[in-house]
Structure formats: C-alpha cells, structure tokens
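Participant: Chains as they are written, first to last, in this note's numbering: chain H, -4 to 105; chain E, 6 to 122.
Because the hints were derived from the structure by calculation, they are not lab data. Keep in mind the model is a prediction, meaning the values are calculated, not measured. Wrong hints could be hidden among the right ones.
As the list claims (entries may be wrong) - The list that follows gives simulated cross-link-like pairs (lysine to any residue, SDA-like), each with its CA atoms no further than 25 angstroms apart: (1) H:Lys26 x E:Val120; (2) H:Lys41 x E:Thr95; (3) E:Lys56 x H:Pro3; (4) E:Lys47 x H:Leu91; (5) H:Lys41 x E:Ser75; (6) E:Lys47 x H:Pro3; (7) H:Lys26 x E:Glu50; (8) H:Lys12 x H:Asp56; (9) H:Lys41 x E:Gln17; (10) H:Lys101 x E:Gly30; (11) H:Lys26 x E:Phe63; (12) E:Lys47 x H:Ser18; (13) H:Lys26 x E:Gly66; (14) H:Lys26 x E:Thr95; (15) E:Lys56 x H:Ser22; (16) H:Lys101 x E:Ser75; (17) E:Lys47 x H:Val95; (18) H:Lys41 x E:Thr32; (19) E:Lys47 x H:Asp78; (20) H:Lys101 x E:Glu50; (21) H:Lys49 x E:Asn105; (22) E:Lys47 x H:Gly10; (23) H:Lys26 x E:Ser106; (24) E:Lys56 x H:Asp78; (25) H:Lys41 x E:Gly20; (26) E:Lys62 x H:Asn93; (27) H:Lys41 x E:Ser107; (28) H:Lys49 x E:Trp51; (29) E:Lys47 x H:Arg92; (30) E:Lys62 x H:Arg92; (31) E:Lys56 x H:Ser90; (32) H:Lys101 x E:Gly46; (33) E:Lys47 x H:Gly98; (34) E:Lys47 x H:Gly77; (35) E:Lys56 x H:Asp46; (36) H:Lys49 x E:Gly30; (37) E:Lys47 x H:Ser(-3).
What the hints assert, rightly or not - Facing chain H, according to a computed beta carbon distance under 8 angstroms, are these residues of chain E, among others: (38) Gln43; (39) Gly48; (40) Tyr84.
No residue lacks a Cβ here, since even glycine has one placed at the ideal position from N, Cα and C.
If you want the building blocks of each chain, they are given just below.
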Amino acid sequence: QSVLTQPPSVSAAPGQKVTISCSGSSSNIGKDSVSWYQHLPGTAPKLLIYDFDKRPSGIPDRFSGSKSGTSATLGITGLQTGDEADYYCGIWDNSLRNWVFGGGTKLTVL
Amino acid sequence: VQLVESGGGLVQPGGSLRLSCAGSGFTFSNYWMAWVRQAPGKGLEWVANIKQDGREKFYVGSVKGRFTISRDNARNSVYLQMNSLRVEDTAVYYCARDGNSSSWSHWGQGTLVTVSS
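Take these sequences, add in the hints, and give me the full structure.
Facilitator: This is the structure we're talking about:
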C-alpha cells in the first residue's frame, strides 16, 4: 500500500481528455515536488512532468500537471491510442526518508 | 544520455547478484542515481538511491541490510549488490538518473532478476 494513492484505472475515447489523481499527505506532497512517469512494462519509464507542472523538453503540451493541497493531478488531452500505458506519480517522502511511487494508473484509450 | 544495465539473471533463493549500470552522455559525478524495480504484475518500486559523492544512500525497507548501492564515478557506473535474495525480489531492475526538482529524468531499459529454485 503506497503512501500516494492513485486510481487503478481510467479510460476515455480518442481525442478526449483524462485526468489522473495522486493523493498524498503533508509529509510528501505538502512538502516536496511531484513528478509523473509514463511506463509501458518492459520498456524504460519516461518522465512526463516534474515539479508538479513542468514538462521536460520533448514532452508535448497535451500533458499537464497541477497541485491542490496534498493532491496532484496529471491531465492528458487529445488522447491517442499511443497514450495507453501505466502512469505513476512519485515524490520524496521526508518522513519516510524514501522515494515513493503511487500504485500506478492504467490508461485505456477506448 | 544513456544508461545501460547489466548483471541480471537467474539465482536461487538466498543467493547473490550484482547489478551494474553504465552511464554516458553526461557528467556522471554531478547526479544522484537510483535503482527502481518492477515485479511481475506490480507497479514501480523505488529500491535505493545514492548521492553524487556516494556518502548518502537510502533504501526501501524491504531491502535494508540485504542490498547495497554504490558508485564509481571514475567508471561512470552505479551498482546494486543484492544478497540474501528472496523470491519476492524477482523483478526488472531499472537504473535512473536524477533530473530537475527531485525527479528521475533518464532511465535504462532494465535488467531482469529472477529468484527461483
């Protein structure tokens, strides 16, 4: 059971928008920066968002991030079949002295 | 930036394995490095990370006392010595490099560790 809670799955049609939530606490999201990762099992995970809302170079602006209190959200617009993957939030938890990932959310583009 | 893991394989419970990760295309000594794993059917799990000079190391609770992370900046490499391996350590192990604002910006392709009798 991770200290960061994500929904197990989300789905939407091609071209639509989806959001994935990541709920934490005052010892993690309340204090440090959330990052988001896209992962297809067997391949290298990819950093999508860091510091809650910043995109590394090469990541399209269809991907966005936000924070509210002790929760973070990943948004994906203009869904494509190629976006089907597992998505993880991650953060350094200062009270655990551990880096933690959320449990992951499987995105299905119907 | 490239990260290439090696050293995975099949090992019996109680055995040992040493994973290596070679970095290139960046100044290795400037970055925190980490190992992250994914067990079959499970999510990503951070295993350990190590500071630029090797003086600070952190581990997930389930591997403390069994795994040791280390680095050799002269060889642009980070290692994971895994002892007393358990069946539940079976996973693909990824090497990752620190990015901006406490994130992991670059990842290797992973190496498979299978612990089975």
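Participant: Verify the proposed pairing of Lys41 of chain H with Thr95 of chain E, using a straight-line Cα cut of 25 angstroms.
Facilitator: 22 angstroms, holds
Participant: Are Lys49 of chain H and Gly30 of chain E close enough, with their CA atoms no more than 25 angstroms apart?
Facilitator: OK: Lys49 of chain H and Gly30 of chain E at ~23 angstroms, within 25 angstroms.
Participant: Quick one, are Lys56 of chain E and Pro3 of chain H close enough, alpha carbons at most 25 angstroms?
Facilitator: Given that 25 angstroms is the threshold and the Cα spacing comes to 32 angstroms, the pair is violated.
Participant: Just to be careful, I want the Cα atoms of Lys26 of chain H and Glu50 of chain E compared with a cutoff of 25 angstroms; is the pair within it?
Facilitator: 21 angstroms, holds
Participant: Going straight from one Cα to the other, do Lys49 of chain H and Asn105 of chain E come out at no more than 25 angstroms?
Facilitator: Roughly 10 angstroms separates the two Cα atoms, so the pair holds.
Participant: Holds or violated: Tyr84 of chain E as interface residue toward chain H, Cβ cutoff 8 angstroms?
Facilitator: With a closest approach of 18 angstroms, the Tyr84 of chain E hint is violated.
Participant: Check whether the Cα positions of Lys47 of chain E and Asp78 of chain H lie no farther apart than 25 angstroms.
Facilitator: 20 angstroms, holds
Participant: Is the hinted pair Lys41 of chain H and Thr32 of chain E satisfied, with a Cα-Cα distance of at most 25 angstroms?
Facilitator: 20 angstroms, holds
Participant: Hint check: Lys12 of chain H vs Asp56 of chain H, CA-CA at most 25 angstroms. Holds or violated?
Facilitator: 13 angstroms, holds
Participant: CA of Lys47 of chain E to CA of Gly10 of chain H, is that 25 angstroms or under?
Facilitator: 29 angstroms, violated
Participant: Quickly compare the C-alpha distance for Lys47 of chain E and Gly77 of chain H to 25 angstroms and report which way the hint goes.
Facilitator: 21 angstroms, holds
Participant: For a C-alpha distance cap of 25 angstroms, please report whether Lys56 of chain E and Asp78 of chain H respect it.
Facilitator: Given that 25 angstroms is the threshold and the Cα spacing comes to 33 angstroms, the pair is violated.
Checked against the numbered hints above, the structure breaks hints 1, 3, 9, 10, 14, 16, 22, 24, 25 and 40 and satisfies the rest.
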